[in-house]
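Each chain, letter by letter, is given below.
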Amino acid sequence: MAFQIPQITYSGKIKEVTLGKGPKAVTIGGENSYPFHLFEGEMAHPPRIAMEVYDAPPEDWPETALEPFSDVVHDPVAWAKKCIESYGADLVALQLVSTDPNGLNRPSEEAAETAKKVASSIDVPLIVWGSANADKDGDVLRKVAEVCDGMNLIIGPVVEGNYKQVGAGAIGYRHTAIASSPIDINLAKQLNILLGNLGIPDGQILVDPTTGGLGYGIEYTYSVMERDRMAALTQQDERLQFPIICNMAKEVWKTKEAKASAEEAPALGDPRRRGILMEAMTAVVLLLAGADILVMRHPEAIKMVREMISDLMAK
Amino acid sequence: MILIGENLNVIIKKIGTAMKEKDPRPIQEMAIAEASAGVDYIDINLGPARKGGGELMEWIVKTVQEVVDTPLYLDTINAEAIEAGLRAYKNKKGKAVINSIMARPESMEAKFPLAQKYDAGVVALLWGPSGLPRDANERGVLAAELMQKAMEYGIPNEDIWIDPIITPITSPQSQVQVPGCIEFMKMFKDLQEIAPGIKSTCGLSNVSNGAPNHLRPILNQTYLVMLERYGMSSAIIDAFDEDLKTFAKGKREDLKKLIFRVMDKDQIDLKSLSKEEADYVKTTKILMGQILYSDSWLQM
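Protein chains in written order, with my numbering: chain G, 1 to 315; chain V, 1 to 300.
Think of the hints as simulated: they come from the structure by calculation, not from any bench. Just so you know, not all the hints are guaranteed correct.
Output of the computed footprint for chain V on chain G, the stretches with three or more beta carbons under 8 Å from beta carbons of chain V [said to hold, decoys possible]: (1) 186–199; (2) 231–237.
Looking from chain V toward chain G, a few residues come up when the C-beta cut is under 10 Å (computed) [unchecked claim]: (3) Gln148; (4) Asn206; (5) Tyr293.
Take a look, some chain V residues computed to stay more than 10 Å from chain G by CB distance [unchecked claim]: (6) Asn7; (7) Val10; (8) Ile12; (9) Arg50; (10) Glu55; (11) Pro172; (12) Asn213; (13) Arg252; (14) Glu253; (15) Arg261; (16) Asp279; (17) Leu292.
Glycine included, each C-beta is placed from N, C-alpha and C at the ideal position.
With the rest of the complex left out, here is chain V (with noise of 0.2 Å):
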């Protein structure tokens, strides 16, 4: 699993002053401490950044790979900070990635030439003219669109990550929207045979928005293990949540074949379980809509 680290996002407080004030410290501490942290990418985050944002994603980038060989994903809906951003970037250990272009036409026309001439990656997101997409079948048709699309402009696959858009288990529609992810990723399957070499990749925390904090930890988890069964290649991630590092290396290969149980439908009775197990158990079924969630999920 290549793991691509969040941290660094005007959301958070500290971050967002630094990038307003370009004061360079805080933002290459974390860097380096992301980096330390072993993440493979580094995403930056500048939100919309309607105004000035090409001159902010150029110094954020120069700033960035002064003290860091780590890759970088380029995360802005704004086409020009985009640009100014790849082309301040060097490519040290790979290349740097487009976070994101959707399967509209005005994001396809602005960012796939941009891909093409300074030879980077894109996140080729989900999200088509009418929004989300209702279900698995949806998601696959915006997929082939991005895959088309970006075969026109010569991205080679392997350039290529495709974000399915994870939603929240705690919104009304996640009965449907949160296993049409896992649906869809069973596809994804079918598009890598397509289409070898072409990679996935997705914002995990999502799933666990508007949960309890101290329950986000193993809704996260757990559907990190149900995504990477059916090939998501990457997440983004906490850089510093060493818990669910030790599941996206594989090194619990003890939940993850009972997780695979609950999705197999494999009658399991929970008396037989840890109190460990057993709760892992009941977050995939409230992961696959076998069951509604509440915020109590973990003690019924």
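Only chain G is shown next, with the shape it has when bound in the complex (with noise of 0.2 Å):
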């Protein structure tokens, strides 16, 4: 008898979820099978890449990393469109550190002047991620969906201490809210449920579920996006299936192996290749998952899971 390769019955679906507007809009979701299991079922849409800019120039980025942007990093604007036009992204990050209360500390105003900038010089969906001061992006994104009325952004991290002020605004302005939870899948699904109590359209909304890096928890991530899968695909857990999106770059290039320099760690190896390695590893391991998007950093790193994501959704 010729080997039958097991296969899994599926009964659940990721809803599919446009992001921006015009030409350069991009939709994502639509599973039916686990992570590239197309011998299963369907991946309607492969996972994007959403390039990060920062709304201030980076202060403790590693050479690596600041390198492909050193001519960029003071203007947000310039910033995108070289991410855009050099890099080829299908997505920009806007990452609003400055307005960290426990940091820079710019006002709501400010910060959503910026995003407004950076969103009408770009042709590609644009993702405004806060501070994750729950407090101040309450505010700050509620201002952001406002000045950008129906651009169809997408806005986050929404957590359960400000989902109604930013959700309220995702609502009022045609916007995608990023429902963002502490590592945690009955905590995930109870944010997702009060957003749809809240009134936001189920093509609306993502699903955040708190990334470590490699080597700094990515196995708890790993975990949580497995269960939420599970859940949405063989449960019929209907608030489950939504895309996922996985905020990454920052946490990888913050840890102390992508930073090390030859002379601090000079078992780790080439520091350039280390610190581009360690994001595209972080990226497949989350690919894997069931990330659909990934918010990545270095331009090398990108394209080698660029070239990963096409030779599995090979047919």
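Make the complex out of the two chains shown on their own, each in a separate frame, by following the hints.
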């Protein structure tokens, strides 16, 4: 008897979400099987990579990460354009780190203007990520939503402490919300329920499970994402059938292993290759767990991961 | 269903203070209230009781037995405190029960001899050398080990109370652990054939730990019915939870049948049910691991 590959029977499907506007809008989701299990089902849309742009010049990036962007770090618009024109970014992720009350604490209005400037000067979808301070983000993201009315941005992280404020902005000004929970499958589901009850349409929700970098708790994220997809695809758990976004680059590049110079850590090998490979490896792990969007930094890591995606998607 | 009252517990502020100050009144009042509420045993939980545990347990056992005849569960890790309690205990309406002995050598070697010496019952806690068992099979292995040891010490079957360890539905492992406990109870039915008369017990309210307070009762009630189906013979509960006692006394046959149908994976049309019935169906599905828990499960 010929060998039969065991197959999983799926009963659910990830919802499709369209991000951005116009010809460069991106649709993600639509999977009806586990990631890249193309022998069992379909991935209607391939996973996508968003390239990071910061709203203030980064101060703690290692040379390897900074080098490709050294000419644009003072100008988020130029930075975003470089990502698209030089590196072919499908999406841009604007990190509003300067709004952090424990850092530069820039006012919400200023951040909203920056977001609007970037959004107006690019044609690909724009993700706007706050400082992860729930109170401040409540105000910042609400204002971003307002000044960018109708541009279908992707705004987050939306957490239990600010979901009403940010969620209302997403509904009123038609944006997609990123529901963010602290590596906990039950809390992830609960927040999706709350966003639904608030009135955010299913086509405007992404899930951020919270990402650790390679060697820094990524296995917990992996396990939560795995559980998410099992519930969504095999248990018809309707409130988990959303695409997943992983804001991973900042987790990778802040680690000691990605930052240490050759002199500091001679045993760890060439620091340039090391950082890039750590970012690429983190990305691959998250793709295999079910990520639909990865927020990445280094053009070379991105290139490798793109090739990987196209290989895994080949029939 | 045998009920064990959990209210004489060091973590309840009034009781903790009375234990510290050796003030008999609050303790006796609580014991009388629990006995009047109709529990079959009263659990005396000292916590770890590392310092002065022996003296404290002896004093509480005497204090409680002055006012009630209800048999006692002696609940602490401290073996010395257990022994002091057993020494002071008078068997009026039943044996004292050691709560608990774990499936770890040091625990078994310290406490089984006490059960033998003082003719006491034992809660055999399915907690092994590597901690919480991962599934029903690991629970089975630990149960066999504890039963074997109990036999070596000549403890009669009816004095062994197997505790499969209930874990919260809100914890990350709940989709495996909570149904895992039910799976083990199916095995427990077989164990009863090998060791006729053997009992079981559980810290029921732990299943709803971490859930919103107003939703804890339905979790506790449903899980009780599910466990009892496969022979759970007792539960440690809030002595004053009248609704739960209604379930424990088998007075909600209608809901029990419905819960069993969900356990048997019958297709049930929620639209044909009342709100109350639908809530119990949804809760059973959560506890069976068929649906992932979230705080809003009843609204789905």
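- Task: Grab the minimum beta-carbon distance between Pro172(V) and chain G and tell me whether it stays above 10 Å.
- Result: violated (7 Å)
- Message: Does Glu55(V) clear chain G by more than 10 Å, comparing its Cβ with all Cβ atoms of that chain?
- Response: With a cut-off of 10 Å, Glu55(V) remains clear of chain G, as the shortest Cβ separation is near 43 Å.
- Query: Do the numbers back the hint for Gln148(V), that is, is its least Cβ distance to chain G under 10 Å?
  - Reply: violated (35 Å)
- Given Tyr293(V) as an interface hint, is the shortest Cβ-Cβ distance to chain G below 10 Å? Hint holds; Tyr293(V) Cβ to chain G Cβ min 5 Å, cut 10 Å.
- Item | Residue hint Asn206(V), partner chain G, criterion CB-CB below 10 Å | violated (16 Å)
- Task: Measuring Cβ to Cβ, find out whether Val10(V) lies farther than 10 Å from everything in chain G.
- Result: holds (30 Å)
- At a Cβ distance under 8 Å, does chain V reach at least three residues of the segment 186–199 of chain G? holds (count 7)
- Query: Hey, does Arg50(V) actually stay past 10 Å from chain G on C-beta?
  - Reply: holds (33 Å)
- Take a quick look at Arg261(V) and tell me if its Cβ sits farther than 10 Å from every Cβ on chain G, holds or violated. At roughly 19 Å from the nearest Cβ of chain G, Arg261(V) sits farther out than 10 Å, so the non-interface label holds.
- Query: Is it the case that Asn7(V) keeps its Cβ farther than 10 Å from each residue Cβ in chain G?
  - Reply: Its Cβ never comes within 10 Å of chain G, the nearest being 29 Å, so this holds.
- Message: For the segment 231–237 of chain G, count the residues whose Cβ lies under 8 Å from any Cβ of chain V; is that count three or more?
- Response: As far as the segment 231–237 of chain G goes, the hint holds, because 3 residues have Cβ atoms under 8 Å from chain V.
- Message: Checking a non-interface call: every C-beta of chain G should be farther than 10 Å from the C-beta of Asp279(V). Is that right?
- Response: holds (16 Å)
The structure fails to meet hints 3, 4, 11, 17 from the earlier list, while all remaining hints are met.
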